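Same order as they appear, the protein sequences are chains Z and F.
For the first sequence, UniProt numbering gives the first residue as 1, with consecutive numbering after it.
For the second sequence, UniProt numbering gives the first residue as 1, with consecutive numbering after it.
Calculated directly from the structure, the hints in this document are not laboratory data.
Note that the coordinates shown come from a computational prediction; the quantities given were computed from them, not determined experimentally.
Careful: at least some of the hints might be erroneous.
Claimed, not checked - Subject to a maximum C-alpha distance of 25 angstroms in a straight line, what follows is the list of computed BS3-like cross-link-like pairs (lysine-lysine): (1) F:K473 - Z:K296; (2) Z:K296 - F:K522; (3) Z:K257 - Z:K296.
Claimed, not checked - Using C-beta positions, here's what the derived DEER-type ranges look like: (4) Z:L14 - F:L296: 28 to 38 angstroms; (5) Z:N72 - F:E86: 37 to 47 angstroms; (6) F:F169 - Z:P160: 38 to 48 angstroms; (7) F:F533 - Z:I51: 47 to 57 angstroms; (8) F:D512 - Z:K154: 28 to 38 angstroms; (9) F:F365 - Z:S163: 18 to 28 angstroms; (10) F:V369 - Z:I92: 40 to 50 angstroms; (11) Z:L273 - F:I546: 38 to 48 angstroms; (12) F:F365 - Z:V135: 20 to 30 angstroms; (13) Z:S163 - F:D512: 50 to 60 angstroms; (14) F:D512 - Z:I51: 38 to 48 angstroms; (15) F:L343 - Z:I129: 42 to 52 angstroms.
Claimed, not checked - Here are some, though not all, of the chain F residues that point toward chain Z, as calculated from beta-carbon distances under 7 angstroms: (16) G196; (17) G361; (18) M362; (19) F372; (20) V379; (21) G500; (22) P502; (23) Q516; (24) S590.
For glycine and all other residues, C-beta sits at the position ideal for the given N, C-alpha and C.
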Amino acid sequence: MIALGILLVLVLLLVVFGLLFRIQILTSIFSGSSAREIGTSNRVNAILFIIFMIVGGAAFAYSFIENYGKMNPPIASVHGFEMERLFWTTMIIIGIVFVLTHILLFVYSYKYQHKEGRRAYFFPHNNKIEIIWTVIPAIVMAGLVFAGWKEWTKITGPAPKDSVVLEVMGKQFNWLVRYPGRDQKLGVVNYRLIDATNEFGFDLSDKSGLDDFVAGEIHVPKGHPVLLKIRSRDVLHAVYMPHFRVQMYAVPGMPTKFWFTPTKTTDEMRAQLGNPKFNYELACNQICGRGHFAMKLNIVVDEPDDYVAWFAQQKSFSEQNPDVLANFQQKSDKLVEKENASAAAAVVTQAAKASL
Amino acid sequence: MAANLPTHSQVQGGIGVTEPSTTHHDEHLHHDEHHDQHWLFKYVFSQDHKVIAKQFLITGIFWAIIGGTLSSLFRLQLGWPESTFEWLSPFLGKWIEAGKLNPEFYLALVTMHGTIMVFFVLTAGLSGTFSNFLIPLQIGARDMASGFMNMLSYWFFFLSSIIMFTSLFIETGPAAAGWTIYPPLSALPQAIPGSGLGMTLWLVSMALFIVSQLLGGVNYITTVINLRTRGMSMSKLPLTIWAFFLTAVLGLLSFPVLFSAALLLIFDRSFGTSFFLSDIYIAGQALNHQGGSPILFQHLFWFLGHPEVYIVIMPAMGMVSEILATNSRKPIFGYRAMIGSLLGISLLSFVVWAHHMFVTGMNPFLGSVFMFLTLIIAVPSAVKTFNWLATLWRGNIRFTTAMLFSIGFVSLFISGGLTGIILGNAAIDIQMHNTYFVVAHFHLVMGSSAFFGLFAGVYHWFPKMFGRMLDEKLGYIHFWLTFIGVYLVFMPMHYVGIAGFPRRYYAWTGFDSFSQFADLNKFISAAAILAFFGQFIFIFNFFYSIFRGRRATENPWNSTTLEWTTPVLPGHGNWPGEIPAVYRWPYDYSKPGAAEDFIPQNVPYSQTQSSNLPYERDTEE
């Protein structure tokens, strides 16, 4: 019933609108204003452009300043500060161009509105001016490219040797985390070995995987370079850590990586923001299906000592899943003889080569 | 005013006495002498470029309404993520689950909104309409080089539209992997139901769409190269034609690459190949695909995808240049520089595609190269902007609705273009990639401003299309509502983006990092929905004026280009008599010494002795 009422009101409104429109046309024909080529509307529009510039500009400036505090995620990585500087420097440059060009656009529109009897200035081209406004943007761009390129090569350059290494794997719809254990080497994984318990697809016949452990959240030490190795096991995902200014796709079949150095522990950030519940978060930033918007993982930045303590407490995957390990051992026992045989063959060949 | 108009049949009948300019036209003319065509061939399966243009335009308007409606739906969800939308279930059926929008359907809405707006509205609707309508009229040709191919181009588009439209209503929902359809998500129905039949229909529809684009493009290029009237050298072409011509070249060179990407994706989906798939474990099963690369798809996609944004924006640039000059009563400033920058943009648009892929794991060195090339493309864009501003300077501006939209275009192009400098910088893009900053950027620079170009074009050439004028007052209301609305939507969206909000999120409520700005998102949604409803003013104006608008005169804007030398409603063949020859460039506005403030292109220098510049004299053979 209410729906019918609303529909009726809408239809009536449309009829009223139509009638008003018709009346307006008829009056403008009657008054002769429709026959005039340039009417008062020309002046009205010119003034509206100026009003738009002033009111719109003020509203933009006000809302920008009002929201400025909320729009910057607090920075917690070394390169984050550099990136932030680059971002706001560029923003200031484009901000200046934005304001100047818009003032010209709207002021010209107002100032050079049609006036009876005036003739426009015939000014088809001027090569000197063209060159000036080709060269100046080119120089500014060159500066920005150079600054960006320097930063980009630094960020994407090789990770320091002493980096803490960990692996993040995306799946629909959460993140899995793996640490290399005491040997600092991530073991071999194979997507064909994935099942409900072996979510990573550990190939435990590889010895370096035996001490690898999986974790429910990411722990990293403050002040140490961290190298993220990134994988996906189904569709594209993207590791996005806004506070660390980190982003990299997770691609099935193509491991990717990103390294960064955290600068503030979770506790320090909580104190800084006055928010005891604050957590660093990892979000998925590449459309991946139904649960894309909820694909979250917490990141904890510890003091180095706390990190070491946490690391020491972790139990390896193979220790926690003895049956998976046993499975691999059975398989590898069968293979041992074969391997021994081929290894022996290799020794023989080498010996033969050496004797040459 | 309307008294002395030649009637439709007079216009067509007159063609018989015309001196044909090419043998091809001979056929046309011969055909037209018995012009009592069946209505089916006159209005539906027409080979007249003007009818085809209108078909593209009206189909484009239909798609724009659909695309806009979809965006209103997902903006409802983003503005009011905690609300229930039970009242939508009569329209959306099972996609409303217990009052909540289904998250997979949300992704489908986003995907289809993008696909529809980019391809069906701004490529087919914009370029299809105006390239078809203006190329023959402005270069002085009786029709396109091949009217038949032109007709096919529309009907392939129509077929493609039908298939895409059908996909909105199927059981598993339309394609939902984003308009960029990145595999593996788009390849695996196990990953998202939209990648089943919905994706198949998407691919088939796009394949047909590409065929339509290629048929159109070949035709536009051939027509511009071969069918220009006497005296119409390339250096006398209006900037609209230069823009359409280069757009067609871009389309012709890049759409086939999308076709190949789609084809390989079809292979991966249906025939078990592994072009884009590798090492996948999904839904409890390890797939056999190995050795493919999802990144390869992205290279192929963006090899089209990036020129595509210029395919969308360049026709708008051309039309805006024309409209700004006409209504400032001034020559476009730096005609040659404008052509040069169009050429520069066209060339560079092919070598910047991977700036969409800085953080995909692509080699960082490649990233450096693409950053360099991307920031170079800002230079010709800047030159264009300055030239437009210089065109307004010391003009005598008439604010027709088309002029308002053109000024709006310049404003939006600046606002959206400048943030491209941020995103093109690989180091900053690490943080900004796939956030709402990107969404705000491209909606301003290629979405809204291309729409403004489209509106400007419709308001400006409506008199030539339908022989009547659009209502100016409604046009003013439409413009101001849209101009303010667009800024209210997309300016605040930058703030949301700088804060790092990811795009294509059903809700941000799960993250503390993205919990601020709930109010701002409500505001954006409200503004977007209002601005969308504002467009119905235009739609009313459009259809009302076709039938009851004020009658137009031959040259209502006192413009110089050839289309305004045709009768109010040009028939098939465009000019009843001989095609006018061209003697001068298209921007002789307010020339010192001239009697009027415009001299049409077909007026020889010998008739304008008082205004000729020293080097200007007729070089008639």
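Going through the hints against the structure:
Pair hint K473 of chain F plus K296 of chain Z does not hold up; C-alpha atoms about 51 angstroms apart against a cutoff of 25 angstroms. For the suggested pair K296 of chain Z and K522 of chain F, the alpha carbons sit about 24 angstroms apart, so the restraint of at most 25 angstroms is met. Pair hint K257 of chain Z plus K296 of chain Z holds up; C-alpha atoms about 19 angstroms apart against a cutoff of 25 angstroms. For the pair L14 of chain Z and L296 of chain F, the supplied restraint of 28 to 38 angstroms is violated, since their beta-carbon distance comes to about 52 angstroms.
Between N72 of chain Z and E86 of chain F the CB atoms are about 38 angstroms apart, so this pair conforms to the stated range of 37 to 47 angstroms. Taken as a hint, the range 38 to 48 angstroms is violated for the pair F169 of chain F and P160 of chain Z, whose Cβ atoms sit roughly 56 angstroms apart. Range check, F533 of chain F to I51 of chain Z: about 23 angstroms between beta-carbon atoms, so the 47 to 57 angstroms window is missed. At about 30 angstroms, the CB distance of D512 of chain F to K154 of chain Z agrees with the hint of 28 to 38 angstroms.
For F365 of chain F and S163 of chain Z, the hinted distance range of 18 to 28 angstroms is satisfied, since their beta carbons lie about 21 angstroms from each other. In this structure the hint that V369 of chain F and I92 of chain Z lie 40 to 50 angstroms apart at CB is violated, the actual value being about 27 angstroms. For L273 of chain Z and I546 of chain F, the Cβ-Cβ distance of about 59 angstroms falls outside the hinted range of 38 to 48 angstroms, so the restraint is violated. A hinted range of 20 to 30 angstroms for the beta carbons of F365 of chain F and V135 of chain Z is consistent with their spacing of about 28 angstroms.
In this structure, S163 of chain Z and D512 of chain F break the distance hint of 50 to 60 angstroms, their C-beta atoms being roughly 27 angstroms apart. Roughly 41 angstroms separates the CB atoms of D512 of chain F and I51 of chain Z, a value that falls within the hinted 38 to 48 angstroms. Under the hint 42 to 52 angstroms, the C-beta atoms of L343 of chain F and I129 of chain Z, about 20 angstroms apart, miss the expected range. Among the interface hints, the one on G196 of chain F is violated; its C-beta lies about 13 angstroms from the nearest C-beta in chain Z, farther than the 7 angstroms criterion.
Hint on G361 of chain F holds. Least Cβ distance to chain Z is approximately 3 angstroms, under the 7 angstroms limit. Given hint, M362 of chain F at the interface with chain Z, is violated; its Cβ is 9 angstroms from that chain's nearest Cβ, farther than 7 angstroms. Because the beta carbon of F372 of chain F sits about 6 angstroms from the nearest beta carbon in chain Z, less than 7 angstroms, this interface hint is met. Satisfaction of the interface hint for V379 of chain F is found here, the shortest Cβ-Cβ separation to chain Z being roughly 5 angstroms, below the 7 angstroms cut-off.
At a threshold of 7 angstroms, the smallest CB-CB gap from G500 of chain F to chain Z is about 4 angstroms, leaving the interface hint in force. At about 5 angstroms, the closest approach between the beta carbon of P502 of chain F and any beta carbon in chain Z falls short of 7 angstroms, and the interface hint on this residue holds. A cut of 7 angstroms between beta carbons decides the hint on Q516 of chain F: the least distance to chain Z is about 4 angstroms, and the hint holds. For S590 of chain F, the shortest C-beta to C-beta distance to chain Z is roughly 4 angstroms, which falls under 7 angstroms, so the interface hint holds.
Violated hints for the displayed structure, listed by number in ascending order: 1, 4, 6, 7, 10, 11, 13, 15, 16, 18.
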